[in-house]
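Asker: So you can see what is in the structure, the chains are spelled out below.
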Amino acid sequence: MKIVVLTKQVPDSGLDRSLSADDFTVERASASNVISELDENAIEAAMVLADADPSGVEVTLLTVGPDHALETIRKALSMGPHKAVHVQDDAIAGSCAVTTSAVIAAALGKLEYDLVLCAAESTDGGVGGMAQMLGARLGVAAMSGARKLTVDGNKLTVERQTDDGYETLTATTPAVVSVWDSMNTPRYPSLKGIMAAKRKPVETMSLSDVGLAPEQVGAAGATSAVVSAEPRPARSAGQKVVDEGEGGAQLAQFLASEKFV
Amino acid sequence: MAEVFVVANAANKLTYEMLTMARGLGMGDVAVVVLGASGTADSIADNLAEYGATKIYAAEDGVLEEFLVAPKAEVLAKLITEHQPAAVLLPSVQEGKEIAARVAVSLGNGLLTDIVGLTGEGVATQPIFAGSTIVTSRVTKGIPLVTVRPNSLTPSPEAATPERVTVPVEVSDQAKLVAVTDRVTEAKGDRPELTEAGVVVSGGRGVGSAEQFSVIEEFADLLGGAVGASRAATDAGYYPHKFQVGQTGSTVSPQLYLAAGISGAIQHRAGMQTSKTIVAINKDDAAPIFDIADFGVVGDLFKVLPQAAETIKKSRQ
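Chains as they are written, first to last, in full-length UniProt numbering: chain S, 1 to 261; chain U, 1 to 317.
In isolation and in its complexed conformation, chain U is listed as follows (with noise of 0.2 Å):
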């Protein structure tokens, strides 16, 4: 039978989604690639196994990590051509939209970036311009090759035993033309990741300065959520790009959206307006973000927000 391969090397919730989106497809087992160091593929097979993978492809070598994509891309290519598989899905961040698009070029297959669904018949859904339109299309050159975007569905578990396949890795020259001579990663604590949270508070040009950012901060570790920002908040300092929602920042579409301090730009609304639900805090009663929330409060958010946080503890109590 065939398989559908989801590329992964994290066990987040992200993988978790494509195991389930690519059981559900009914193309074929669903077989893990893991492109990355040694015992990347030990370290995660046990979360893999848990979401019904029924192989893990291990391609592990330190070669996939020393240079950007081009080998990691390579690697898979090859184990494409060699395995057929009926659909490819990698997860829609920056790497993996990244390896998908040298894969679609060295292959002369299609790609879809960003998808929200699939159909066994390979019709993918994807929201586009900013989430105003939902497009349905199809690959028409190769095979389904799709880019899943995070909280595109609700993971499911489904235990299964998987073999372990190791894949030799072999990469050309040609894919070691840029070194990554430096890996940092910035201290983000115990919040969970911005595209993956299931709850956002935002904060934009109305929280007024970097500190008074901690207001935003405490009332996202209150709802155990991810801390976001307006591009106004971050083109002024306030709190580092990457925390950006919108247009040219990160998509989200959590369970809860709460923007404080953010008239809803439509460069911002273009990055949060499929989030299931909206709550604005807003001094200007005119801001348009309230088009867009279930709930807003016209007030100042360092009322709104300290009040909402002492009720909320209260009653946890």
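Chain S on its own, in the form it takes in the complex (with noise of 0.2 Å):
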């Protein structure tokens, strides 16, 4: 079987993000990049399948990114998969989710693939719905939202965390599916898998190489723009009291004040 993951390099959700002033991309170069949270489980949900068939399993790692998102490539290739592809044109940069999801679509056509896995969110943009735009481009199953996937030879079975509770899904290969955090934990890479993922392959692919125009991507072919960015004006702390014995009455008074019971 041959397993496809998406990942994609963010900026730190964990430290301060912007977007830059000219033109409302998110600033990149002045930000610590990282992989995108929940790709990792995808990952590991695609190394959970290899470590299960090591001979019958092939793991390829796509990423739509610019020259540095080669840094959270070998990163996610030191969890153990085989090689990776890199999708890098200067046109793309400025891409929409819908946009993205040509580029990346038109680059799975370049690939063999039984099985394609991604986050079911990245931390970024947060869209959630990349799985369903690309099994609409492609034409194949988009199994969103797992919590839980099973394959039994061409057969797969995902259960799919939903609001109130959850669903149980199936179809055929080729699929995508979309996981979150909830299906596994993430491995930590070991110093063989990081020491092995400085010499795995990894193809560069340029637009024209997977098939688009310059003009079908970037900010000439995105389906949505930016109109104005503001920084969130920050909450400040309000008051604060230490529980000396009447910490909960002081609570309710306050929740009475705010008139909240």
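Don't read these hints as lab results, they were simulated from the structure. Glycine is no exception: its CB is placed at the ideal position from the N, C-alpha and C atoms. Treat the hints with caution; some may be incorrect.
[Claimed, not checked] Within a straight-line C-alpha distance of at most 30 Å, the following computed DSS-like cross-link-like pairs (lysine-lysine) qualify: (1) K276/U with K13/U; (2) K313/U with K13/U; (3) K2/S with K276/U; (4) K259/S with K141/U; (5) K259/S with K176/U; (6) K110/S with K176/U; (7) K283/U with K240/S; (8) K110/S with K55/U.
[Claimed, not checked] Here are some chain S residues pointing at chain U (derived, C-beta under 8 Å): (9) V48; (10) A50; (11) V98; (12) E167; (13) A225; (14) L251.
[What the hints assert, rightly or not] If we take Cβ atoms under 7 Å as the criterion, some of the chain S residues that face chain U in the derived model are: (15) A52; (16) D53; (17) V242.
Please dock the two separately framed chains into a single complex, following the hints provided.
Answerer: Shown next, in the form of structure tokens:
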């Protein structure tokens, strides 16, 4: 089975993030960049399948991003995938999610895959629609929001986490499956994995390699545009009391004064 | 006159918020698109009328429930092509976002998710980066196709008499690739939905065990609120994952958010910092949650919450 895992380099959500002042794209140059958090769950899901069938499963990472995305590609490779494909072209910068899905779909069209694994959402854009966008573009099954995945030959069963419980989904490969962090706990790369990652092949594809023209992507091909961006006014700390026996009563009093009780 | 589509399958607060938002756009009449099993539209028609729906497109067929989102997206995309609405609003919940994603791709239309405001000119307001930045954006290809985040505005009723239009449901084989073979609703008792609740009481690692989460539940029930949990608490198995508030869980924006035993890591703040009023209880005086709390109590939640509950109960007598 050939598995492609989508990974994305994003600014660290644990630090301040911003949009660049001139074109409102995500400020990446000054940000500390990391693998989008749930992507690690998608890689883990792929490696669990690879561990169960070491000779029968090949895992390829696919990343669309600038040159420095190579840093997170190497980190992701240290978790065990066999190789990576990096779609890199300056024209892609500024693409919206809908346009990005066209780039990923075009790249997938150049690869062999039975199963595409990705995150249910990224920690930057957070649109949460990539699996369904790819399913629609590629004409394959899209099973989104998995908290459990079972593979039996070409038959896939997913437990999809929903807002009020879960659903059981079935489909056959080829398919795109997006996962939540409830699915697994990503492994820590071993020292051996980190060393091996440095030698693993990373193929670079340009826009023309995937068969798209510059005007179809980036700001020119984007389907939406940011008009303005303002930092949200920072919240300031309010009243703080130390419980010396009356903390609960003081809390009740505050809730009453704000008309919550 | 053009129509504004509101996609709704349930008579809930978010539906009323979307109807209120759609009415305020001045782009056209408000038409609700119902995509569901037979009888769905009739069961909520009165509620939709109360909030100003002038038309209900009822696309009802079991096939819409037997397969994952693709059939619903296909029917909606066809309706949009046929009726050319001025804008389309969907609920910013998992299913709504996924239907919108498929519609955007199939129509080559732009998509803006998690919006909290929309103008008649099609400019949408979105909090991004966990609410730390507010952007305004517009769709540049096609019509404004947006998903609306719960608790974005206060719904107001405006009675109308909706016309019912039956929409024929034809679904391609391509949209039937993922079958839904089972649907399980996990018991949530009588509490409101986490993302819609006006009051959310959340517990963190400081709660200490699954059994002790009852102190959080009791306080939530006292205020008629929903229960939430930090990632540390769900990872530790104290509370089910679906109640997680934060970057990788639900984003909530209630009138009151009470965080008990939660330190306030940025992961958690990402999911709750747009709440109107924030209250925190934590033993650690230096917990970052206090930096954003309107009212903080440095103390043991197992002493503070029961005492607060007693005081509130007495005041109600």
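Asker: Going back to the hint list, which numbers does this structure go against?
Answerer: 3, 4, 5, 8, 9, 10, 15, 16
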